[in-house]
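Asks: So the protein lines, in turn, are chains A and B.
Each residue of the first sequence is one higher than the one before, starting from 269 at the first, in this note's numbering.
Each residue of the second sequence is one higher than the one before, starting from 269 at the first, in this note's numbering.
What the hints contain is simulated information worked out from the structure, not anything from laboratory work.
Check each hint, because a few of them may be wrong.
The list treats identical chains as interchangeable, and a pair is accepted whether it falls inside one copy or across any two copies.
Derived lysine-lysine pairs resembling DSS-like cross-links, with alpha carbons at most 25 Å apart [unchecked claim]:
1) LYS616 <-> LYS602
2) LYS369 <-> LYS445
3) LYS386 <-> LYS609
4) LYS616 <-> LYS577
5) LYS616 <-> LYS569
6) LYS500 <-> LYS577
7) LYS396 <-> LYS426
8) LYS386 <-> LYS551
9) LYS369 <-> LYS491
10) LYS287 <-> LYS602
11) LYS577 <-> LYS287
12) LYS491 <-> LYS569
13) LYS491 <-> LYS609
14) LYS569 <-> LYS396
15) LYS616 <-> LYS287
16) LYS569 <-> LYS602
17) LYS271 <-> LYS396
18) LYS290 <-> LYS491
19) LYS578 <-> LYS602
Note that the coordinates shown come from a computational prediction; the quantities given were computed from them, not determined experimentally.
Protein chains: 2
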Amino acid sequence: MKKTALIMAGGRGERFWPKSRKSLPKQFLSLTEDGKTMIQLTIERIRPLVRMEDIFISTNRVYRELVLEQLPEILPENILCEPVGRNTAPCIGLAAVHMAKRYDDALMIVLPSDHLIKYNQMFLNVLKEGCGIAQKAANLVTIGITPDYPETGYGYIKYRPEESDGNAYAVERFVEKPDVETAKEYLETEEYLWNSGMFVWKVSTIMDNIRTALPDLYEGLVKIGETLGTEKQEMVLEKVFPEFESVSIDYGIMEKAQNIFILPGVFGWDDVGSWLAVDRIRKSNESGNVVSGNIITIHSKNNIIQGGKKLIAAVGLEGLIIVDTEDATLICEKGSAPDIKMVLENLKICNREEYL
Amino acid sequence: MKKTALIMAGGRGERFWPKSRKSLPKQFLSLTEDGKTMIQLTIERIRPLVRMEDIFISTNRVYRELVLEQLPEILPENILCEPVGRNTAPCIGLAAVHMAKRYDDALMIVLPSDHLIKYNQMFLNVLKEGCGIAQKAANLVTIGITPDYPETGYGYIKYRPEESDGNAYAVERFVEKPDVETAKEYLETEEYLWNSGMFVWKVSTIMDNIRTALPDLYEGLVKIGETLGTEKQEMVLEKVFPEFESVSIDYGIMEKAQNIFILPGVFGWDDVGSWLAVDRIRKSNESGNVVSGNIITIHSKNNIIQGGKKLIAAVGLEGLIIVDTEDATLICEKGSAPDIKMVLENLKICNREEYL
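So that you can see chain A by itself, here it is in the shape it has in the complex (with noise of 0.2 Å):
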């Protein structure tokens, strides 16, 4: 069966905050050391199991000349632009009466554009193995990670480990962010996996799921996929899309779908969810520092200085994070990381769109 697969890149992360910026999210952003962005190492890992005219990527259509920019080997005609974001469940839902007016049905597997991998060829045969489990019957299939600590960020998945399917297990249930005391106990249990926001599923099995679960949504789907390839396309897009209710894949679809299956990745994944993680995903130096750009350090240690052209000087700094932009510095202490939203904050208050 014909495997296509949507990248989802319409998110507008603010933790990567001065480098990104409501113009520029983190999937279109540089955090590895080989100079690639987020969304461009998506694509390229996928590549093997997917040929490049069936690589989707969903995003907000302001994003859409980045797209471009940054993956010229992608069909235009497969950028497919939101006039406003609506969350995964619609995203995923448009996607999936775009292939399946190209393909009737397909595979689908669903991936985040700004997470990372290390090893690509065990997420691959995860994938395929997903495709498999897929294909065979009207299944839903979710990529899940082995936790390592009781992250209180993610959703979790609780899967049955009596009922597998070669290295899939048949999921119990989906549950939202936990708090920290109930994902200890999900450790415990060893019956939780940490919710990737991958997925493999058939279009048919998909669109079953959401005219089951979400009929609004499913009848405004086929109103819009009636449309495409004709010149109303834009119009009646433009006209359905926002007035779909916002909800995620997860809330709308698999906390009440059936025959949903879990395959654990043990491949390096990484979500990159904040600067703290440019320290896992670099290589730091003998004292600890992740440094690049023009950076002068002395008797400084564990810090992350993420600079440019301008010179930037630490002395006797311990774990910081330095950003500096053309346009403005942050300086943060690690464990204030998440406080790095409250300047955001301020800078709405005060109207400063330019910083945002």
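Guided by the hints, dock chain B onto chain A, whose structure is given.
Replies: Leaving out everything else, chain B in the frame of chain A:
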């Protein structure tokens, strides 16, 4: 007797890097809230005592334009440009021959250009008393600062408490920068004051002392003096001055001279020796941050942040010095301020002259 002042402005201080540069040393920086530069404040401070046309500025010729720009009211012929820096003895000697040429003899008040004084009227009263003592005999008058703590970065002056003349005391000896143990002993004896580098004497007195203690310097100064106002003036200065031994007035004259009096100054003196001084000379906000520029602070306290147009966001920071300039940013833990010089050494080694 005519009162003249010599403002010494040839210094190349590195401790305010990256704001201070070879091309813009500390005396030409504005570090206080009023926006005036250190040298402008120095001139303003002495004005009630000395007429503008009797104020001389000694500097390196590379700073002549800066002096003209910042002090347009100074007579251009009162800007004495040294071809090369030869420390304070030749500097003061050169000014003395200029003053002698113009007034035969005069009182000479010697002041650094990069110190701050809080109580100007008290300062002027001390100088007035100094002028009286310097005028009535061949006395060398120095202004001493009552020490608060065992500073090892200043020279000390031992006075004789029992030998006083008004508020002035006879000086027993000048001593170089002590180690911390010695400095503590000095404090305990209560017979030592800090050497502020401010002096009052007659032109004739200092020339006599130079003749006795530094005869080579004297000889050269006489040669220079003979050509003042002639077409040979520049040529002779150019030839003679670089041959002078580099020697401080403290070491070359004061450590050997007789008839030295010290006037204790309690007028809120600050030598503004490093970025840490900014905590003393500027107002902090309720979090103990001293900020200027386009700054957002979140959960941050007791920082010195000097920016400009560029946004600086400080998150979770404590006790840092952050200084942003057009081409370089310094981020330094307050306790590591002395290590800023290591940044400059590093830049010198790497031939990165543009940052020095």
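Asks: It remains to establish, for every hint, whether it holds in the given structure.
Replies: How the hints compare with the structure:
Taking the shortest Cα distances, LYS616 and LYS602 sit within 25 Å of each other inside one copy (23 Å), while across copies they are farther apart (32 Å). For a Cα distance limit of 25 Å, the shortest separation of LYS369 from LYS445 qualifies neither inside one copy, at 35 Å, nor across copies, at 85 Å. Neither within a single protomer nor between protomers do LYS386 and LYS609 lie at most 25 Å apart by alpha-carbon distance, with minima of 28 Å and 41 Å respectively. Taking identical chains as interchangeable, the C-alpha atoms of LYS616 and LYS577 lie at most 25 Å apart only when they sit on different chains, with a minimum of 18 Å there against 28 Å within one chain.
For the homomeric pair LYS616 and LYS569, the shortest alpha-carbon distance between copies (23 Å) is at most 25 Å, but the shortest distance inside one copy (33 Å) is not. In this assembly of identical chains, LYS500 and LYS577 lie within 25 Å of each other by CA distance neither inside one copy nor across copies; the values are 48 Å within and 48 Å between. Proximity of LYS396 and LYS426 under a CA criterion of 25 Å is satisfied intra-copy only: 22 Å inside one chain copy versus 86 Å between copies. When the C-alpha separation of LYS386 and LYS551 is checked against a cutoff of 25 Å, the pair qualifies only within one copy, where the shortest distance is 14 Å, while the shortest distance between copies is 51 Å.
In this homomeric assembly, LYS369 and LYS491 come within 25 Å of each other (Cα to Cα) only inside a single copy, at 12 Å, whereas the closest approach across copies is 98 Å. Taking the shortest Cα distances, LYS287 and LYS602 sit within 25 Å of each other inside one copy (17 Å), while across copies they are farther apart (27 Å). Taking the shortest alpha-carbon separations for LYS577 and LYS287, both the intra-copy value of 14 Å and the inter-copy value of 18 Å come in at or below 25 Å. Proximity of LYS491 and LYS569 under a CA criterion of 25 Å is satisfied in neither setting, with 58 Å inside one chain copy and 57 Å between copies.
When the C-alpha separation of LYS491 and LYS609 is checked against a cutoff of 25 Å, the pair qualifies neither within a copy, at 39 Å, nor between copies, at 69 Å. For a Cα distance limit of 25 Å, the shortest separation of LYS569 from LYS396 qualifies neither inside one copy, at 43 Å, nor across copies, at 53 Å. In the homo-oligomer, the alpha carbons of LYS616 and LYS287 lie at most 25 Å apart inside one protomer (17 Å), although the nearest pairing across protomers, at 31 Å, exceeds that limit. Taking CA atoms no more than 25 Å apart as the test, LYS569 paired with LYS602 passes in both settings, with 12 Å inside one copy and 16 Å between copies.
In this assembly of identical chains, LYS271 and LYS396 lie within 25 Å of each other by CA distance solely inside one copy; the values are 10 Å within and 93 Å between copies. In this homomeric assembly, LYS290 and LYS491 never come within 25 Å of each other (Cα to Cα): the closest approach is 31 Å inside a single copy and 70 Å across copies. For the identical chains of this complex, LYS578 and LYS602 are neighbours both inside a copy (22 Å) and across copies (22 Å), given an alpha-carbon limit of 25 Å.
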